[in-house]
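All chains, please: the whole structure from these sequences, using the hints.
2 protein chains.
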Amino acid sequence: MDYLEKLKNSNRSKGNYLCVGVDPDPEKIPSRFEKSATGIHAFCKELINVTHDITPAYKFNLAFFEIWGSKGWSILESLINQIPDDIFIIGDAKRGDIGNSSKFYAQALLKNLDFDAVTINPYLGSESITPFIQQAEKGVFVLCVTSNPSGRELQDHGEPMLYIKTAQICQKLNQKNNVGLVMGATKPEQLLEVRKNFPEMPFLIPGVGSQGGAVDAAVQVCNAIEAGVINVSRGISYAQGDFPDNIRKSAEKYTELFKK
Amino acid sequence: MDYLEKLKNSNRSKGNYLCVGVDPDPEKIPSRFEKSATGIHAFCKELINVTHDITPAYKFNLAFFEIWGSKGWSILESLINQIPDDIFIIGDAKRGDIGNSSKFYAQALLKNLDFDAVTINPYLGSESITPFIQQAEKGVFVLCVTSNPSGRELQDHGEPMLYIKTAQICQKLNQKNNVGLVMGATKPEQLLEVRKNFPEMPFLIPGVGSQGGAVDAAVQVCNAIEAGVINVSRGISYAQGDFPDNIRKSAEKYTELFKK
Numbered sequence: 547m548d549y550l551e552k553l554k555n556s557n558r559s560k561g562n563y564l565c566v567g568v569d570p571d572p573e574k575i576p577s578r579f580e581k582s583a584t585g586i587h588a589f590c591k592e593l594i595n596v597t598h599d600i601t602p603a604y605k606f607n608l609a610f611f612e613i614w615g616s617k618g619w620s621i622l623e624s625l626i627n628q629i630p631d632d633i634f635i636i637g638d639a640k641r642g643d644i645g646n647s648s649k650f651y652a653q654a655l656l657k658n659l660d661f662d663a664v665t666i667n668p669y670l671g672s673e674s675i676t677p678f679i680q681q682a683e684k685g686v687f688v689l690c691v692t693s694n695p696s697g698r699e700l701q702d703h704g705e706p707m708l709y710i711k712t713a714q715i716c717q718k719l720n721q722k723n724n725v726g727l728v729m730g731a732t733k734p735e736q737l738l739e740v741r742k743n744f745p746e747m748p749f750l751i752p753g754v755g756s757q758g759g760a761v762d763a764a765v766q767v768c769n770a771i772e773a774g775v776i777n778v779s780r781g782i783s784y785a786q787g788d789f790p791d792n793i794r795k796s797a798e799k800y801t802e803l804f805k806k
Numbered sequence: 547m548d549y550l551e552k553l554k555n556s557n558r559s560k561g562n563y564l565c566v567g568v569d570p571d572p573e574k575i576p577s578r579f580e581k582s583a584t585g586i587h588a589f590c591k592e593l594i595n596v597t598h599d600i601t602p603a604y605k606f607n608l609a610f611f612e613i614w615g616s617k618g619w620s621i622l623e624s625l626i627n628q629i630p631d632d633i634f635i636i637g638d639a640k641r642g643d644i645g646n647s648s649k650f651y652a653q654a655l656l657k658n659l660d661f662d663a664v665t666i667n668p669y670l671g672s673e674s675i676t677p678f679i680q681q682a683e684k685g686v687f688v689l690c691v692t693s694n695p696s697g698r699e700l701q702d703h704g705e706p707m708l709y710i711k712t713a714q715i716c717q718k719l720n721q722k723n724n725v726g727l728v729m730g731a732t733k734p735e736q737l738l739e740v741r742k743n744f745p746e747m748p749f750l751i752p753g754v755g756s757q758g759g760a761v762d763a764a765v766q767v768c769n770a771i772e773a774g775v776i777n778v779s780r781g782i783s784y785a786q787g788d789f790p791d792n793i794r795k796s797a798e799k800y801t802e803l804f805k806k
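Just so you know, the protein sequences line up as chains A and B, in that order. For what it's worth, my numbering labels the leading residue of the first sequence as 547, then goes sequentially. For what it's worth, my numbering labels the leading residue of the second sequence as 547, then goes sequentially.
Treat the hints with care, since some could be wrong.
Here are the simulated DMTMM-like cross-link-like pairs (lysine to aspartate or glutamate), alpha carbons at most 20 Å apart as the crow flies [stated by the list, open to error]:
| # | chain 1 | residue 1 | chain 2 | residue 2 |
| --- | --- | --- | --- | --- |
| 1 | B | K617 | A | E623 |
| 2 | B | K722 | B | D548 |
| 3 | A | K574 | A | D791 |
| 4 | B | K657 | A | D631 |
| 5 | A | K722 | A | D571 |
| 6 | B | K718 | A | E673 |
| 7 | A | K657 | A | E683 |
| 8 | A | K617 | B | D571 |
| 9 | B | K711 | B | E772 |
| 10 | A | K657 | B | E699 |
| 11 | A | K718 | B | D702 |
| 12 | B | K649 | A | E673 |
| 13 | B | K711 | A | E705 |
| 14 | B | K733 | A | E673 |
| 15 | B | K649 | A | D571 |
| 16 | A | K617 | B | E673 |
| 17 | A | K722 | A | E746 |
| 18 | B | K711 | A | E699 |
| 19 | A | K657 | B | E802 |
| 20 | A | K718 | B | E739 |
| 21 | B | K657 | A | E573 |
| 22 | B | K617 | A | D660 |
Which chain B residues face chain A? A few, computed with CB under 8 Å, are given here [as the list claims (entries may be wrong)]:
| # | residue |
| --- | --- |
| 23 | N607 |
| 24 | A609 |
| 25 | I613 |
| 26 | S616 |
| 27 | E623 |
| 28 | N627 |
| 29 | D643 |
| 30 | F650 |
| 31 | P668 |
| 32 | A682 |
| 33 | L689 |
| 34 | N694 |
| 35 | P695 |
| 36 | L708 |
| 37 | K711 |
Because the hints were derived from the structure by calculation, they are not lab data. C-beta: ideal position from N, C-alpha, C; glycine also.
Written out as structure tokens, the structure is:
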């Protein structure tokens, strides 16, 4: 089954576009968990336990695991194994290197860790993306428009703006239906514009939860191709209320908001 | 001692600008080493053993360690500990994320792994760089002009070209003398142009060895500020001849070529 098909199936079977972001911050997890590798492991296990029956996707931000060194990597391996096979799993690694090095990253993330897709930074061009899209079953979401304010400094540079150039490169690379774009929800007009001009690539949409992006536009651009993921990290993991009910309730709220 | 001072001292004491790239490829290391985590660990130990008295800097490309999962991370920790304190150590991680996540990467790489500097991808803007330059003793080399052919796709976009915009952002951020640029040697005219317009930031220069970049321009832009690193990875690790003499001889050749 190819990347896009797996994502579509997962969206269809759960009936929504939620992606639960797994970004365990030791300063923010409930006090019942130790501020340690063991503590964040236990927290993430519970986060997955109480959401896996309603979410079509998870996204792991590797920064939050790398701070634990080799232990962090083992935790990542163990958590990925815990997730049912039909759920789409994204490694939010934002990698990108010259071709020879990107090959090693692709093996580390898509083969060894067995992510379905990873996020890629396009600054080094097509060559840095190609090693990640050799097999139709695995793919990428390439950073196009990011949800942070300083993302505009380079992404809006030039005519056409750089993010359009990024999307054009990605469209050209999308021969096996396994290239998607990271499209922040903080600017709904950009979301709709890129969907209109690039009608085939799925979007990974951050910035809807604690960053306050537009829900309607996000759902609309996913519905247009019946595939996509709208990520919420802090808005679920650190939602108001008693753990783990707070997580379940918040995740349920987002599955409603992001209904297919 | 701040980042730039440490780099200058290291260049001065060794009398050259060489940076030995540590990118252990199991398919290319001598057959006496196993194609395994243990094998690449032993190879890298020997690579450092026979070069540490003549090189001012090492650069570890994280892709080549991530393929070994948690073991790879442990090897990285162990190799960094093996290197004498006065040598400048770069983590070639090409990270970059929204501010909150970049903080975690900064802790993982500059504090926990104790690199002196890491390479950063600027696509997400200043916010992704700031967490790495909070302390004057630690810093970054931001990807500006990369040495791979497809690097031109985005980096030459717009007017002025995007890489100039990147250098401008970096100059503005360089309040603590701890921001440098990755400037590929494949286009000597760009090297000289960026040095002229940005006379303060040190360069990390890849692309001189197996990629065939211009040696003279590389040395010239380092001499202009008496600091910098010219990286050679494959040209040293997999040089012709019997191991480990091949490595020693090739490293000696480059210290001559990159003489201060």
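Results of checking the hints against the structure:
1. The suggested pairing of K617(B) with E623(A) holds, with an alpha-carbon distance near 12 Å, which does not exceed 20 Å.
2. The straight-line distance between the Cα atoms of K722(B) and D548(B) is roughly 8 Å, inside the 20 Å bound, and the hint therefore holds.
3. Our distance criterion of 20 Å between C-alpha atoms is met by K574(A) and D791(A), whose separation comes to about 16 Å.
4. A hinted pair counts as satisfied when its Cα atoms are at most 20 Å apart, and K657(B) with D631(A) does not qualify at roughly 36 Å.
5. The straight-line distance between the Cα atoms of K722(A) and D571(A) is roughly 36 Å, outside the 20 Å bound, and the hint therefore fails.
6. A distance of roughly 30 Å separates the Cα atoms of K718(B) and E673(A); the hinted pair therefore is violated under the 20 Å criterion.
7. Taking the CA atoms of K657(A) and E683(A), the gap is about 11 Å. The hint holds against a cut of 20 Å.
8. With a C-alpha separation of about 24 Å, the suggested pair K617(A) and D571(B) falls outside the 20 Å cut-off, and the hint is violated.
9. Annotation: proposed proximity of K711(B) to E772(B) is violated, straight-line Cα distance about 25 Å (limit 20 Å).
10. Pair hint K657(A) plus E699(B) does not hold up; C-alpha atoms about 28 Å apart against a cutoff of 20 Å.
11. Distance restraint check for K718(A) and D702(B): the Cα-Cα separation of roughly 19 Å lies within the 20 Å cut-off, and the hinted pair is therefore satisfied.
12. The straight-line distance between the Cα atoms of K649(B) and E673(A) is roughly 28 Å, outside the 20 Å bound, and the hint therefore fails.
13. A hinted pair counts as satisfied when its Cα atoms are at most 20 Å apart, and K711(B) with E705(A) qualifies at roughly 14 Å.
14. Between K733(B) and E673(A), the direct Cα distance comes to roughly 18 Å. Compliance with the 20 Å bound is thereby established for this hinted pair.
15. A threshold of 20 Å between alpha carbons decides the hint, and for K649(B) with D571(A) the separation of about 11 Å falls inside it, so the pair holds.
16. Our distance criterion of 20 Å between C-alpha atoms is broken by K617(A) and E673(B), whose separation comes to about 28 Å.
17. Simply put, K722(A) and E746(A) have alpha-carbon atoms about 11 Å apart, close enough for the 20 Å limit, and the pair holds.
18. The straight-line distance between the Cα atoms of K711(B) and E699(A) is roughly 8 Å, inside the 20 Å bound, and the hint therefore holds.
19. A C-alpha spacing of about 41 Å is found between K657(A) and E802(B), which places the hinted pair above 20 Å, so the restraint is violated.
20. For the given pair, K718(A) sits about 32 Å from E739(B) by alpha-carbon distance, which is inconsistent with the 20 Å threshold.
21. Only pairs whose Cα atoms come within 20 Å are accepted, and K657(B) paired with E573(A) is accepted, the gap being roughly 17 Å.
22. For the hint pairing K617(B) with D660(A), the CA-to-CA distance comes to about 17 Å; that is within 20 Å, so the pair holds.
23. The interface hint given for N607(B) holds, since its Cβ lies 6 Å from the closest Cβ of chain A, which is under the 8 Å cut-off.
24. This hint holds: A609(B) has a C-beta 4 Å from the nearest C-beta of chain A, less than the 8 Å allowed.
25. Of the supplied interface hints, the one on I613(B) holds, with its beta-carbon coming within about 4 Å of a beta-carbon of chain A, less than 8 Å.
26. With a cut of 8 Å, the hint placing S616(B) at the interface with chain A holds, because the nearest CB-to-CB distance is about 4 Å.
27. Below 8 Å, beta-carbon pairs count as interface contacts, and E623(B) has one with chain A at about 7 Å; its hint therefore holds.
28. With a least beta-carbon distance of about 13 Å to chain A, the hint placing N627(B) at the interface is violated under the 8 Å criterion.
29. Proximity of D643(B) to chain A holds as hinted, the smallest CB-CB distance being about 6 Å (cut-off 8 Å).
30. Below 8 Å, beta-carbon pairs count as interface contacts, and F650(B) has one with chain A at about 4 Å; its hint therefore holds.
31. Interface hint status for P668(B): upheld, as the beta-carbon distance to the closest one in chain A is roughly 6 Å, under 8 Å.
32. Hint status for A682(B): violated, given a least beta-carbon distance of 22 Å to chain A, over 8 Å.
33. The interface hint given for L689(B) is met, as the beta carbon of that residue sits about 6 Å from the closest beta carbon of chain A, less than 8 Å.
34. Evaluation of the N694(B) hint against chain A yields a held restraint, the C-beta minimum of about 4 Å falling below 8 Å.
35. Satisfaction of the interface hint for P695(B) is found here, the shortest Cβ-Cβ separation to chain A being roughly 7 Å, below the 8 Å cut-off.
36. Contact between L708(B) and chain A, as hinted, is supported at the beta carbon level, the nearest pair being about 6 Å apart and thus within 8 Å.
37. Interface restraint check for K711(B): the shortest CB-CB distance to chain A comes to about 5 Å, inside 8 Å, so the restraint holds.
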